[in-house]
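J.: This is what each chain is made of:
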Amino acid sequence: MTGDWLAPLMFVGALVLIFSGYPVAFALGGTALVFAFVGVEAGYFDWHLLLAMPDRTFGVMSNYILLAVPYFIFMGTMLEKSRLAEDLLETVGILFGRMRGGLALAVVFVGTLLAAATGVVGASVTAMGLISLPVMLRYGYDRKLASGVVTASGTLGQIIPPSVVLVVLGDQLGVSVGDLFVGSLAPGLLLAGMYALYVVGVSVARPGAAPALPRDVRDVPAGALARRVALVMVPPLVLIVLVLGSIFAGVATPTEAGALGAVGAVALAAANRRLSVAAVRDALESTLRLTVMVMFLLIGSTAFALVFRGLYGDVWIEGLLTGLPGGAVGLLLVANLAIFALGFFIDFFEIAFIIIPLLVPAVRALGIDPVWFGVMVAMNLQTSFLTPPFGFALFYLRGIAPPELRTSEIYRGAIPFVLIQLLALLLVILFPGLVTR
Amino acid sequence: MSPESQPPTPSRAPGLLGSVPQAIDRVSGLVGRTVLWLVAVMVAIGAYNAVARYLNRFTDANLASNAYLEAQWYLFSLVFLLGAAYALKEDSHVRVDVLYGRLGPRGKAWIDLAGTLLFLIPFCTLMLWVSWPSVAASWRVREVSPDPGGLPRYPIKAVVLLAFALLLLQGVAQALKQVALLRGAAPPAEPGRHRPEEV
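Chains as they are written, first to last, in the working numbering: chain L, 13 to 449; chain D, 19 to 217.
Because the hints were derived from the structure by calculation, they are not lab data.
The beta carbon of each residue, even a glycine, is placed where N, CA and C say it ideally should be.
Careful: at least some of the hints might be erroneous.
Label-pair distances were calculated between CB atoms; the ranges are [unchecked claim]:
hint	chain 1	residue 1	chain 2	residue 2	range
1	L	F260	D	D165	27 to 33 Å
2	D	V162	L	A353	46 to 52 Å
3	D	G119	L	T334	48 to 54 Å
4	D	V162	L	G186	25 to 31 Å
5	D	F76	L	L378	42 to 48 Å
6	L	L438	D	S83	32 to 38 Å
7	L	A198	D	L73	30 to 36 Å
8	D	W150	L	G186	27 to 33 Å
9	D	V162	L	R293	52 to 58 Å
10	D	S163	L	A236	51 to 57 Å
11	L	V289	D	L73	30 to 36 Å
12	L	L378	D	W150	55 to 61 Å
13	L	A261	D	D165	24 to 30 Å
14	L	A238	D	V162	43 to 49 Å
This is chain D alone, in the form it adopts within the complex (with noise of 0.2 Å):
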């Protein structure tokens, strides 16, 4: 099951390698949790978008509108923005693990912590510093679709922020658990890390 269902590892951290990283993981792991039914709606929605296209040949009752349209890349948008902390916890974000899959416990953790640091988390940090003017352009004047009948684009736009500062802190937490590992406070036993697209 999942890993947070385990009985609490590094008993032997100290507050800040044990209990932050926890906590982030449960928040991540909430989020994925949640989104994941969104998948579902969004198989709803696009299965109906298809259909109203089609009807909307043979009669004049408008089925379709660019409300439902923007609808499903409104949720597509959700998933994959907000389930990127959910897939960093669960190590789906795909690796050439050539080198990487070689390497013991302990070499992965220094990867992943050097990696962390140096990648992931200034990658997120220039995503919101880069993003944030616009997004704050887009909601003081409440963007709106330009198509009628389209959605608020405003509150899409600030997905990213939330995205990005969710797998910032996921960033942090695996750090933390990285320097955990390697100070030899959690137990390296992580059986069989499972290839990302092994499903």
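So here's chain L without its partners, still in its complex pose (with noise of 0.2 Å):
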């Protein structure tokens, strides 16, 4: 008895049971199960494939490149909570807030070296927003920019390396994880030099979009500014720099250099009188939380990729894709298309652990790079949580921002740094050379 069209039918199934709202690792657990059972009734899978979930859970237990994620996040998170990352924007905004547009760049600066370490898009988003806009509306920011500059940079953290969606996405791609920190690394501060340069254009051509900021705030003493500059600015910037660095040269694993970077945001708030056991205890748990979210949906996903694979679903998904006119440019465009709609609606973690893998064979029998894939999957969904109406990035801010703040200027304001996101992404996909390898 055949049951070809039981996998497309799961794959559909999972779609509108996700849709539901009911957590996604469970719902896609349970689908596998109830699949599991359908296609054991019409005689086409074998019960004991749900045998090997022991020896997959057990996998992804002992994964080393997986550890990476809770050290991340929670580097991102102790810096958060000690409050230096607030310290943080606010040199860098009175350093900056001599120039017209000085608080924006201060802003994607900020958002460049911060985000960089979370890289959850609604932590990063919420946690810029709460401290930047309100800054910026008080100093008299065009609200559109304003509210663009805070989604677009906020969300720049996952293609800015260390970033634990980037870890996630080599684990599922199979390629190290050094590998995509460093050839995601040119592309993200491509991003962040055009969100600047934007902001300067603007500055420029509409002086009361961005005004500097008044005299008696900006006016601090040269002394006390260096102070600050080099107590607040310089060891955030030291600390991603060695994280970064020690991958990069080899010397340390991103494992290592997350556990290690971890220490280092529990010594930056110990030197800045920040540490506190409320603080740490709020890091943990936020990490803690964060962790078993991102665990649990792989989990589920190994779940229904298991049944998936039984009911020979990666042999219909492998057919359709490597089979499409055009070859690697077909499959380009359709897995691009499908990510950015897909990108509106699930989180990027969703999108690594159960798409990925469905298109890492079709793109190795096509003869593209993974790193490069990596690089311009994490970029497009990017844009995709920038894009109005659907935009992740935007409901984040929605809801964090001042009522006076609309939602139609938040998402005009998202506009010009889509159109600056799909620049990129088209350079990326023009110039591969600038996924360095």
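Once you've looked at the hints, go ahead and assemble the two chains, each given alone in its own frame, into the complex.
T.: The following block contains the structure:
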């Protein structure tokens, strides 16, 4: 008895059930169970395949790469909960405040630096928004520009290493996380540079949209300012450079660098007298919750993948993708469009765990460089998260923005950044050399 | 603060719908608040391992050991496995809330009740059922790490059973809470369910 229709049905079924709003990890696990049962009844699936689950779970537990996930999350949450991120933004703001658009530049700068650590869209947009949006609005920034800068810089963390999503993506693509970090650095900095250029452009063309800070705020005595820069701005910068540098130089694995970075974040908090039991506890609690979320998503996806393969779904998808007209170009087009559309609704982790494993065999079969593919996927998703009306980042900002900031302003503010993103994505596709190896 | 510090909400709920979920919540809360400190231990051991491996290149003192390397992922496993029930209680498992976010408290309760009964509880049962034989086999032979100086494997494998049992239990608590809410016993006031990543 043939059950060729089961795999496609399972794929659609999983998407529908995910959209029910029930936690994705368990919706996937439940879907796996339902279709395993249907498959057995249809004489198309062997129950014994499910006995591989303990082994797979054990593989997830002892996965050395994924150990880096809680470390990078903790490093980011520690900097946030000890309010070092806030200090950093304020200091950079004063430093750049003399020039028009300076505050917005500070947001881009800090976003590049700190969002790098957490790499979780919701967390970084929320943190950046809470800290910087009120300040920009208070000093008379154009609301669209202010909200656009916050959402764009907050999502930037995904592609700038070290980020949690790149760790997970490396694991799923079967490439080294270090390679992915190296590869995404140039495109990430390119994006940050383009954001900064846009901010400068706006402040020249429309001085009223991005005024300099008033004199009394920015006139901190030079000595005091130098002290703040040395104490508040330089140490986190050094921390990130050390973490990345040790990975790039091959001295430390991403997991090791993450663990040391986590200790470094605690040390920074202590050096700034911000180390309290409450701050540490909050950072640990956030780390626990985010780590559980990521890892259970992986366990649910593992169950899904196991049954999906048992129903020959992988064969079906690979045939579909390698048989596209245009070969590699056709695959890239379809994959990009699908990921862009899915990015409206589901977060990076779900896409990394559910969609990426389905794409990888076709990507390898068509001779596409998986590192380059990973960077492109990350940039694509980042664009998707920013795109009105569905983009994730916009919802997060809406959630914390003051009511006088209208939703339409958030949407319109995001558009220039979406265009910048698309331009950068196009550059990465046209000039694959941007993704350095 | 944490939900359990609020006054007991389902005052009109009969025992099963009132006290049972509360008791389970307390268990999951206690386990979660305990394992979160293991993250700190994990950071410390991870940093030690990194430094030890580095120093090993220059000295003869063999600082790194398989026991410490394995302790790192044992702790990681304890954290995410035992934290799962706590995360369920705190609603930290990521949802796709395009539609869910627009529903009222009752609509959400219906989705959650259906999901708990159709997805969560069967999935936990499955995991317990398929894991049992492999854990029992590991336990019988007192399985140890294949690497020299490694740790015993059987206890960490057994944690999988404990984790899914706790998750199943929390699932029962969630279902009872949702039933209580749907019957109008508990006030639907649950302002601003935070989005999962918004921590």
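J.: Next, verify each hint and record whether it holds.
T.: Comparing the hints with the structure gives:
1. Separation of F260(L) from D165(D) is about 29 Å and conforms to the stated range, judged on CB atoms against 27 to 33 Å.
2. A hinted range of 46 to 52 Å holds for the C-beta pair V162(D) and A353(L), which are about 49 Å apart.
3. One distance hint, 48 to 54 Å for the beta-carbon pair G119(D) and T334(L), is violated here, with the actual separation near 38 Å.
4. For the pair V162(D) and G186(L), the beta carbons lie near 29 Å from each other, so the given range of 25 to 31 Å is met.
5. In this structure the hint that F76(D) and L378(L) lie 42 to 48 Å apart at CB holds, the actual value being about 45 Å.
6. For L438(L) and S83(D), the hinted distance range of 32 to 38 Å is not satisfied, since their beta carbons lie about 50 Å from each other.
7. Separated by about 33 Å at the C-beta atoms, A198(L) and L73(D) satisfy the suggested range of 30 to 36 Å.
8. With their beta carbons about 31 Å apart, W150(D) and G186(L) fall inside the hinted range of 27 to 33 Å.
9. In this structure, V162(D) and R293(L) break the distance hint of 52 to 58 Å, their C-beta atoms being roughly 35 Å apart.
10. Separated by about 56 Å at the C-beta atoms, S163(D) and A236(L) satisfy the suggested range of 51 to 57 Å.
11. For V289(L) and L73(D), the hinted distance range of 30 to 36 Å is satisfied, since their beta carbons lie about 31 Å from each other.
12. Here the CB-CB span from L378(L) to W150(D) is close to 42 Å, at odds with the stated 55 to 61 Å.
13. One distance hint, 24 to 30 Å for the beta-carbon pair A261(L) and D165(D), holds here, with the actual separation near 27 Å.
14. Checked against the hint of 43 to 49 Å, the C-beta distance between A238(L) and V162(D) comes to roughly 58 Å, which is inconsistent with it.
In this structure, the earlier hints numbered 3, 6, 9, 12 and 14 are contradicted, and the remaining ones agree with it.
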